[in-house]
Amino acid sequence: MSSPVLRRVVRRETHSPRTVAMIVAVVLVILALVYVGVEIVLNLLGQPALLLGPAASLAWVVGLPTEVPAGASIAIGAVIAVLGVVLVLLAITPGRLSKQHLMLGDSAVVADNGVIASALAQRISDDSGLPRDQVRVGVGHRVVDVTVSPAVGVPLDEARVRSVVDSELESYRLAARKRTSVRVERPRDQEERA
Amino acid sequence: MNNTNRAVNRTILLILGLVLVAIGGGIVTSAVWPAAAETWTNIGSGAEGWAQQAWDATVIAGTGLTWVAVAALAALLVLVVLLIMLVVRSIHGRRRTPLRASGAESDLGRVTVTEGFASDALKNALGERDEILSARVTANDIKHEPVLHISVTPRQNTSPVQVAETVERLVANLGVLTGQKLTAYISVHAGLRAKLAHDQRRLS
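Chains as they are written, first to last, in this note's numbering: chain X, 1 to 194; chain B, 1 to 204.
Read the hints as simulated data drawn from the structure, not as lab findings. Heads up, the beta-carbon is just placed ideally off N, CA and C, and yes, glycines get one too. Please note: incorrect hints may appear among the correct ones.
[To be verified] To give an idea of the interface, some chain X residues facing chain B are shown, with a C-beta separation under 8 Å as derived from the structure: (1) 13; (2) 33; (3) 42; (4) 108; (5) 149.
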């Protein structure tokens with residue numbers, strides 16, 4: 001997997017296109033513009049305004065610092081600014097989707113985090129002999145979290161679980177390096193803690 | 001995978017965001033800082049006076065219309081049409097081109113493989129495998145090169161490496177059959193289908 005075409009495909013498939021956010025924002029802008037247009041037309045036709053006519057709304061904006069109570073205008077301004085910050089963040093953050101790029105063979109392979117987590121959990125369960133529902137795995141962009149909760153009295157070699165996780169992850173050849181953390185939860189520990 | 005222009009999406013979000021931050025920041029500053037409030041009021045009343053003057057000066061004789069209002073409406077209309085075009089274009093960003101791989105020419109003629117054939121062949125081959133619940137094959141044109149997209153949902157707990165190897169082998173076989181090396185993109189999904197199906201393979 002080295003051709004620029006496949007690199008482009010992988011990049012596009014693992015990152016959000018931000019189309020939905022863009023459409024929502026643009027549709028809201030369109031609605032606002034249409035509303036302004038309607039107010040102008042109503043004013044020209046001599047009809048009563050829907051909310052505020054063009055002159056009255058301009059006067060309201062001008063009087064914002066002096067005539068509106070400070071608390072109210074601070075609140076309005078803060079809400080608008082926070083919305084703006086959200087849009088800026090949407091524009092500049094990478095928008096990673098919960099998928100991983102596996103560098104296998106000639107093709108580009110991308111797997112959902114869930115696929116990797118469940119395969120890993122199955123591998124741990126096969127190796128340790130624990131029932132599958134006592135192994136929980138979470139896969140994030142930088143971390144792999146493994147939690148095993150064996151029943152009371154069942155011996156478990158934590159180092160072995162760790163090496164199984166590492167070798168299995170190695171075989172997936174993930175493009176993003178991951179930190180793995182293995183946690184063993186004993187029901188007795190929970191009782192003592194409680 | 002579509003050809004939506006993502007840079008445009010992000011640029012629009014960035015511009016709108018910066019405008020909103022500027023407006024919101026301006027309102028907050030003018031509320032807490034008297035000097036800013038004064039500037040705001042001065043600029044505001046200046047604009048108000050100018051608008052009133054322009055409105056009165058450009059009244060079209062014999063009607064209640066003014067050129068300022070007409071110009072404002074025209075500008076709004078153009079802006080709205082542009083924005084609607086933008087939305088419509090990004091909805092129709094999906095562009096699928098049929099795969100037409102023409103293989104080696106021989107005495108008998110030329111072999112042309114269409115997307116439908118490649119898709120059916122791969123889907124049937126994948127359908128026979130028990131660990132794969134569903135498969136979908138499409139062909140896309142990326143940078144003027146056909147790329148097969150094979151999207152598979154395997155049973156839960158199946159190794160993605162194993163799935164990828166299976167699919168890759170099938171794609172390679174299809175390539176041999178058609179005399180052309182195919183570029184493939186394989187996506188492995190964990191969907192509702194995978195959650196509901198039995199995780200263990202049925203023994204038969």
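How the hints compare with the structure:
1. 13: Holds: closest Cβ of chain B sits about 6 Å from residue 13 of chain X, inside 8 Å.
2. 33: Holds, because the Cβ-Cβ distance from residue 33 of chain X to chain B comes to roughly 5 Å (cut-off 8 Å).
3. 42: This hint is violated: residue 42 of chain X lies away from chain B, its Cβ roughly 11 Å from the closest one there, beyond 8 Å.
4. 108: holds (5 Å)
5. 149: violated (18 Å)
Hint compliance for this structure: hints 3, 5 are not met, and every other hint is.
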